[in-house]
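A.B. asks: Working from the sequences, and respecting the hints, build out all of it.
So the sequences go chain by chain: A, B and C.
Quick note: the first sequence uses the numbering used here, first residue 1, plus one each step.
Quick note: the second sequence uses the numbering used here, first residue 730, plus one each step.
Quick note: the third sequence uses the numbering used here, first residue 963, plus one each step.
With a straight-line Cα cutoff of 27 Å, these simulated DSS-like cross-link-like pairs (lysine-lysine) come out: (1) K48/A x K20/A; (2) K986/C x K728/A; (3) K947/B x K842/B; (4) K842/B x K138/A; (5) K330/A x K799/B; (6) K770/B x K330/A; (7) K842/B x K721/A; (8) K448/A x K947/B; (9) K939/B x K448/A; (10) K986/C x K722/A; (11) K448/A x K751/B; (12) K414/A x K842/B; (13) K448/A x K755/B; (14) K799/B x K1022/C; (15) K138/A x K994/C; (16) K340/A x K322/A; (17) K1027/C x K881/B; (18) K985/C x K835/B; (19) K835/B x K722/A; (20) K414/A x K986/C; (21) K728/A x K985/C.
No wet-lab data here; the hints were simulated from the structure.
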Amino acid sequence: MEITKEIILKHNLTMDEYEKIKKILSREPNITELGMFSVLWSEHCSYKSSKPLLKELPTAGVHILQGPGENAGVIDIGDGLAIVMKVESHNHPSAIEPYQGAATGVGGIIRDIITMGARPIALLNSLRFGSFDNTRTKYLLNGVVGGIAGYGNCVGVPTVGGEIYFDDCYNDNPLVNVMCVGILETKHLVKAIAEGVGNPVIYAGSTTGRDGLGGAAFASKELSDKSHEDRPAVQVGDPFLEKLLIEACLEISSKDYLIGMQDMGAAGLTSSSSEMASRGNCGMTIDLSLVPQRDNNLTPYEMMLSESQERMLIVVKAGSEKNAINIFHKWNLNATVIGKIDSNSFLTVKHKDNIVAKVPTKALTDDAPVYKRPSEKPNYINNIHNIPVDITHTNENYNDVLLRLISSPTIASKRPIYEQYDFMVGTNTLIAPGEGDAALIRIRNTNKAIAISIDCNSRYCYIDPYIGSQIAVAEATRNVVCVGAIPLAITDGLNFGNPENKEIFWQIEQSIKGIKEACEKLNTPVVSGNVSLYNDTNSIPIHPTPIIGVIGLVGDINHITTLSFKNKDDVIFLLGDSLEEIGASEYLKTQHHIIAGQCPKIDLKLEKEIQDTCLSLISRGLIESAHDVSEGGLAVTLSESCIKGNIGASIIIGETGLSNIAQLFGESQSRIVISVAPHNLYEAITYLEYKEIPYQQIGMVTSDNYLKIDKLINISIDNLKKAWESLKL
Amino acid sequence: MKYAVVTFPGSNCDWDTYYAVKDVMKEEVDMLWHGDNELGKYDCIILPGGFSYGDYLRAGAIAKFSPLMKEIINYANAGGLIIGICNGFQILLETNLLPGAMLQNKNVHFICKQVYVKLNNSNTPFTNAINKNDVLNIPIAHMDGNYYCDIKTYKELEENGQILFKYSDSNGNISDNANPNGSLANIAGICNAKKNVFGLMPHPERAVEKILGSEDGKKIFLSIRNHILQSKN
Amino acid sequence: MFKAKVYITLKDSILDPQGTAVKKALESLEYKNIDELRIGKMVYIKINETDRQKAEAQLKNMCEKLLYNSVIENYTYELEG
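C.D. replies: Right under this line is the structure:
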């Protein structure tokens, strides 16, 4: 087949990239080789726009066993155990086919975890949809939730937390980011490496079909109205097969004869073979005629680019193939030797006796182009700081405002959604969805637990990507602190528009700078992550959405904290500083339909001090509840603690110099609402004084079932609960 | 006494059940593979929850043909105790060891939450440690828990005291509101006429530790222990 | 070679919540004249058999043994070849 300019562009390669390929091969590529380059050099696989920026992130630390570079990050938690984590996006497929797009997103991230030899123990998801009233939003929301539930429940990994935001900028670009956390014994950590000349390469799992042909290239193109014709690029998942794959892979991961393992994700056979060989600095030959196929007419091109789900590539010591294959056969999975490791540095693809592709492995991976894109501060940022509303002179009934905020889709209880997820399977879920600021999973046979949270306020990032991204890291770490865990590491899911647009690239640059700053100050290295670009439909970009997943370690499960107020007479404190800040708030959006103002300030030094103080109070057993202040401000935080505790609170803040709106609904950062039982009061106050952090005693838990805040709010918990639980799917 | 938990391809709650029985209830327990042809000697066999065969075609439909099921059916017919939890209940229905069938939840969604079930008959090997009309707090997690049987079967279940648990509110009221999935007469768990085979949709293995929310599930395992010890004397 | 199509439906007396939900969805798309909507399954099987009687008997057997649940479902089939 002749390679024409049209074919090159259809493969989403530039002419310059094509010239580079010719130079590397010293000849023209054939169509199969062109396909292989097009997927591995796509944005999704090569990170060509973001690599130079990502290099700046802090990735090392005393607990970090594996940073970015493998399929997931690994963190030592002592007792010979380690936690594996990663977040992945599946945005474009979910826009076209929400159920399967989300389901295969779950499948893919789980495989990134098991490929390291870890058993998946928790799933979380961070979702973005357009305006809630939009019919298309309801269709996408129900499809995505259905897919996450259908796949996650069937594989038996509990979905324990997440967040969902609704904003117009996501109307045609939903975001589906899925995070998976796994656990392994450190001695059984598996790497995705191919080594040892002559060692066999085994294909295991589902058969190869035409699914998702060109899926990785598809994820890099902008979605246009024509994209709906791209349906064949959507993969279909089989969670039952994945469950069998989990068990088989975990069985093999403890065997001495295992050299390396990688899942076939984006760009399937091409990415797994080239990446494993590249890491091992060796070559690999595979024979496509040996690959189990769904129907027998697949061309080499189709086989190399297929994104059929639930497949793994495994390298074992020569002589042990039969043992390895038997493990997969026991679980009724296909497994067969399809190749071997070579002493050269090529990926040689054969079909029976014919060589159908031969490419230096590093050409596909390390030699992928890297672009330093131009960046320019967007115009809109200069105009957005002005808030066209005088909040000091509004005639609002604050009770009504609170009810409106608490029933808004972004803040309201997501129970109709998380009740579709099995969050209990595994019988280790200590804090269920809605009960605390983070999920908490017990580690059996230890006294430890892992706290997990996933967060991002993309509105802040729109107004100021640098500050907003720092806040995302601060909020995520603050959330695990509130349940009593020390934040250890983060995984980042960076979702942006078209990086070839100077203003969008500026957003990406600023965001990564912010993440770096926060991770350094808060001591949480980035161990893994994902970048999803080109999230613009018809060139309308999403808000910068750098989603931060974090894990924390609870050393003693006797000290875990939920967010509900517990008992009458418990004293309520607000840790942190409240400022005259209403910019970028949920209040402005819900009540006045505007996104404007300055992003709330973040003082990372203060944030760390407050987090440390809260952790100490928890570990000393002095706290009954902890809940961080976020969207909707203090009034919403207090409401949630009352509703979950089915109990009232009487709050007297008094004169602080703040406007009422800022006091009640401002979203100043680094604030945590805690409650302390009377018998612990003296010790708690003594400790707070000693730590010299800003705090204020603001009130008490009451049994009269009302939330009262100064003379501003006086509302029954029943009414609050009704409003909070009003979300209808 | 000795328990066995059977793992089918796709079973998810097999190890949860193992830990509940071994670590919490401190009973001996073996894990069995569905593909085995022989069944050892056990006092009680548990078919655990999960998605055996992905729930493909119908939940539990394919599992009934597993080699070990042949022996399990013989064991049941000879009077051996079996408890089927969630997917295990579905397998018992498909095998006809219990009468009726499961339909999809009325709201066509998977539901995971803590519910209350009221004891209807304490005169069985599985419920003798529970007082009649007691309410237990146990979680459910299923898509197809909407129990159905025809009128004739229902009358038999009622007359023979085969309905063991019904969904209720925390006060024991059997109401529509308390029924999470539309099941006939709020039925959550039943047994066969001989009272040796028990199926229930809620997960007792998820309710044996306070730290996980409820310890009420223990009472079912305690009942089984009572029965086995008594019958050995 | 025989090609069989088996149609499996819930018995009439049984509530079909999926069908109800889909009917409501169509009605909200302004199709107001839908009297009834029930959802079933269609199983497509290619049976490698030369004798029609044998193929039919096998098909019925497969339905009875696995493909349908007689407590809650009915089935019909078409056989061509």
